[in-house]
Amino acid sequence: MKEHRLRWHGKYTPWLFLIPTIVGLLVFKLIPIFTAFYLSFTRWNLIGTPEFVGLGNFKEALHSTHFMQTIYNTFGFSILYIIGSMVVGLFLAVLINKKMKGISFFRALIYLPVVTSSVAVGIVWNWILGPNVGLIAKLLLSIGINAPYWLGDTSLALKTVASVQVWKMSGYYMVLFLAGFQAIDYQVIEASVVDGANSFQRFFKVTFPMLGPTTFFVLSVSIIDSFKNFELIYAMTKGGPQNSTNTLVYDVYLNGFQFFRIGYASSLSMVLLLFVGIFTAINFYIKKKWAQPLY
Amino acid sequence: MKKILISFLIATLSLTAIFASGIKETTEIKQDEQITLEWWSWSPEMKEKNQKIINKYESEHPNIIIENTMMSASEYWPKLKIRASQGNLPDVFGMSSSALEEWVEDGLLGNLDEYINNDKTKQEIYTNLLDSTKALAGGNHYYALPFALVTTNLYYNKDMFDLAGLSYPTDNWTWDDFKDAAKALTLDKDGDGAIDQWGFWFYGRYTQIESWVYANDGYLINRDTMRYEPNDNALDALKMLTDLVLVDKVAPPQKDMAAFRQRDIFAHEIAAMSVEGSWNIDNNRNHSDKSMRWGIAKIPLGPSAKVGYIYGWSDSYSMSPNTEYSQEAWDFMKYIAGEGIGMDMYMAGKIPSFKAITESEAFDASAQQPDEMYILKEQAAGAMLTSYTKGWSEWRGYGAAEALGLNGIIDGIVNGEMTFDEAMIEASKDINSVLKRYYR
Numbered sequence: 008m009k010e011h012r013l014r015w016h017g018k019y020t021p022w023l024f025l026i027p028t029i030v031g032l033l034v035f036k037l038i039p040i041f042t043a044f045y046l047s048f049t050r051w052n053l054i055g056t057p058e059f060v061g062l063g064n065f066k067e068a069l070h071s072t073h074f075m076q077t078i079y080n081t082f083g084f085s086i087l088y089i090i091g092s093m094v095v096g097l098f099l100a101v102l103i104n105k106k107m108k109g110i111s112f113f114r115a116l117i118y119l120p121v122v123t124s125s126v127a128v129g130i131v132w133n134w135i136l137g138p139n140v141g142l143i144a145k146l147l148l149s150i151g152i153n154a155p156y157w158l159g160d161t162s163l164a165l166k167t168v169a170s171v172q173v174w175k176m177s178g179y180y181m182v183l184f185l186a187g188f189q190a191i192d193y194q195v196i197e198a199s200v201v202d203g204a205n206s207f208q209r210f211f212k213v214t215f216p217m218l219g220p221t222t223f224f225v226l227s228v229s230i231i232d233s234f235k236n237f238e239l240i241y242a243m244t245k246g247g248p249q250n251s252t253n254t255l256v257y258d259v260y261l262n263g264f265q266f267f268r269i270g271y272a273s274s275l276s277m278v279l280l281l282f283v284g285i286f287t288a289i290n291f292y293i294k295k296k297w298a299q300p301l302y
Numbered sequence: 034m035k036k037i038l039i040s041f042l043i044a045t046l047s048l049t050a051i052f053a054s055g056i057k058e059t060t061e062i063k064q065d066e067q068i069t070l071e072w073w074s075w076s077p078e079m080k081e082k083n084q085k086i087i088n089k090y091e092s093e094h095p096n097i098i099i100e101n102t103m104m105s106a107s108e109y110w111p112k113l114k115i116r117a118s119q120g121n122l123p124d125v126f127g128m129s130s131s132a133l134e135e136w137v138e139d140g141l142l143g144n145l146d147e148y149i150n151n152d153k154t155k156q157e158i159y160t161n162l163l164d165s166t167k168a169l170a171g172g173n174h175y176y177a178l179p180f181a182l183v184t185t186n187l188y189y190n191k192d193m194f195d196l197a198g199l200s201y202p203t204d205n206w207t208w209d210d211f212k213d214a215a216k217a218l219t220l221d222k223d224g225d226g227a228i229d230q231w232g233f234w235f236y237g238r239y240t241q242i243e244s245w246v247y248a249n250d251g252y253l254i255n256r257d258t259m260r261y262e263p264n265d266n267a268l269d270a271l272k273m274l275t276d277l278v279l280v281d282k283v284a285p286p287q288k289d290m291a292a293f294r295q296r297d298i299f300a301h302e303i304a305a306m307s308v309e310g311s312w313n314i315d316n317n318r319n320h321s322d323k324s325m326r327w328g329i330a331k332i333p334l335g336p337s338a339k340v341g342y343i344y345g346w347s348d349s350y351s352m353s354p355n356t357e358y359s360q361e362a363w364d365f366m367k368y369i370a371g372e373g374i375g376m377d378m379y380m381a382g383k384i385p386s387f388k389a390i391t392e393s394e395a396f397d398a399s400a401q402q403p404d405e406m407y408i409l410k411e412q413a414a415g416a417m418l419t420s421y422t423k424g425w426s427e428w429r430g431y432g433a434a435e436a437l438g439l440n441g442i443i444d445g446i447v448n449g450e451m452t453f454d455e456a457m458i459e460a461s462k463d464i465n466s467v468l469k470r471y472y473r
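Residue numbers (our numbering), protein chains in the order written: chain Y, 8 to 302; chain W, 34 to 473.
Be aware that one or more of the hints could be misleading.
Across the chosen pairs, the derived CB separations fall in these ranges [said to hold, decoys possible]: (1) Y:Val283 / W:Met259: 32 to 40 Å; (2) W:Ile115 / Y:Val122: 26 to 34 Å; (3) Y:Tyr79 / W:Thr258: 31 to 39 Å; (4) Y:Tyr79 / W:Asn264: 48 to 56 Å; (5) W:Gly449 / Y:Lys36: 39 to 47 Å; (6) W:Ile115 / Y:Phe59: 48 to 56 Å; (7) Y:Val101 / W:Gln84: 51 to 59 Å; (8) Y:Val30 / W:Lys323: 26 to 34 Å.
Which bits of chain W does chain Y cover? Going by a derived footprint, with three or more residues having C-beta under 8 Å, they are [said to hold, decoys possible]: (9) 324-338; (10) 414-427; (11) 433-439.
To be clear, the hints were calculated from the coordinates, so they are not data collected in a lab. Small disclaimer: the values here were computed from a predicted structure and weren't measured. We put the CB at the ideal spot given by N, CA and C, even for glycine.
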């Protein structure tokens, strides 16, 4: 008698389950990326047929002092953000990595800015940092110090916006570091205590090296996040003063959706994609070489 | 032969009857047909007023449904442009004077000549508004129907003027009169060395700068070359303004006011005078203390003014070139441009283009401030200029780019980031690099 086995899946069934992901990836990521790549070689204002201009958009960007300033701002913002968010995130994680009553409340409190709208954060910080009438200006004035123009001074504005972004996102990195702490084998730390290590030595000689994989993951995420700064810049400075906070992402928005220079905006987005790609590749390389678990 | 003739007549009559009944049938079907017109506009704060207009129009035209989509200007233009790229523009949509030239050149607006030339529109709407929108659209055809005019005005705080013992601004005010008043109104009330009340407030915004340029018969853009080549009168105006901050110390640098919404600085009594578009009447009514007494005046004429131009432009409606219902769309456009609405449907400060509304008692009879609403009517008849060009928002610094362009450069002067001369060189270089792309 022939045996009938119940087969609910065939050779192509896995593809069926992959369809939603593949469609999403194509529609929302790959097709736009390839379209933007094509458009970066054109002049187009959304109307009519894009006109092929070869490398014209890239040449225009390279000859523009405005673009060079934008690149400088983008990297300036990224460096401040990456260092700031990792240091503050790690510091908060160390502070909060304790078993005590009510600690969940503080964890939630620190995480709150992460889920708060960037525009709302920008507006509130604009008030706090406001010259003469802002909270910080008033506090400093009460001890006889004149507050600087946090957002009005070209040498300070980018640092200020990056700091606000660090304040907003540190809670996220804190959670990642917390997860890293909890994955560390506590017996190793106990052994270091038995060996007579003080808390400073314990952290820098034992805990931090064991956080290597987490630290590199946080670094990768923070590098990519550091390029996503549109909303806060829109809410706080709109690229000013004197172009000092205009970053690549903001410039893509301005050229694409304010000036309708779709071709030029696409070429800027390709430059951005290139930067993100290079940093991600470096990260993967470093991770493969050095960021292996120590246990 | 007779039989043939009778047969021919019967056949002719029958055909006539059939066609006649057919035409009648078609007309009836058309009348019964439900038509949906899409109407897009910015100023979401007008939502309730627009709904009132729609309700009234739909009750008067039972076969027409109006679908109104409203959004902020920052969302409106990208979305409208995307609809345009799909060849699927709304039947009727709001059109800004700043975008008119570019949209006409791209063939995105329906030609309104046959409607405007063949009905009473020219008698009903101020001719200079029709002419100015026609000029901005290239000068040969009508592509926009103006529904309102906006101008710029000097706003002044009457309480502060009274306390300082100053008489209110008049049409004869000179720039020196203005500066004297600004000095008298700049006060350190508590004697702590910090100014508590500024005589004047401005920053690099187009409304606050070009108003003075035109009041001195100046221009920023040379229309022959289509390049940024401000004449001496314009440079005098820019120098006079920036000196108010740097030399006369009667206005704060822009960076000092960064914590405030710029339009609220006058409304919140931080400055005694400011210049802004006439739409700011609405903002002042809604955001100032009800006890604050304030008024409007014309921009003081500059020392070189022979004409004394007004900075003013129209807000208009345009029609999709692909609409299936062009007659119905035109009828609706005329209705919302004034034919079917009253003064209560306008945002305060916008001057209706429809003569019957502006010249009605309702225009002056508002119980609310300012008392000088008649000034807007006088301005509507005056000579006007704008600096709109293709790429205007980019070189001027508008919307999301308001900290950049000429706006940012002027802020740079008053914030002490660059000297006036350095700024003028940078402005010329930056602005002309934009204009060269659009006007080769």
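Tested hints:
1. Between Val283 of chain Y and Met259 of chain W the beta carbons are some 39 Å apart, a value that agrees with the proposed interval 32 to 40 Å.
2. Distance hint for Ile115 of chain W and Val122 of chain Y: a CB-CB separation of about 30 Å, consistent with the stated range 26 to 34 Å.
3. Between Tyr79 of chain Y and Thr258 of chain W, the C-beta spacing of about 33 Å keeps the proposed range 31 to 39 Å intact.
4. Here the CB-CB span from Tyr79 of chain Y to Asn264 of chain W is close to 36 Å, at odds with the stated 48 to 56 Å.
5. Gly449 of chain W and Lys36 of chain Y have their C-beta atoms about 46 Å apart, which keeps the hinted 39 to 47 Å range intact.
6. The given range of 48 to 56 Å is broken by Ile115 of chain W and Phe59 of chain Y, whose C-beta atoms sit roughly 22 Å from each other.
7. The hinted window of 51 to 59 Å between Val101 of chain Y and Gln84 of chain W holds, with their beta carbons roughly 56 Å apart.
8. One distance hint, 26 to 34 Å for the beta-carbon pair Val30 of chain Y and Lys323 of chain W, is violated here, with the actual separation near 57 Å.
9. Coverage of the region 324-338 of chain W by chain Y is violated. Counting CB-CB distances below 8 Å, 0 residues qualify, and the rule asks for three or more.
10. Restraint check on the region 414-427 of chain W versus chain Y: 3 residues with Cβ-Cβ distances below 8 Å, three needed, restraint holds.
11. Counting residues of the region 433-439 of chain W whose C-beta lies closer than 8 Å to any C-beta of chain Y gives 5; at least three are required, and the coverage claim holds.
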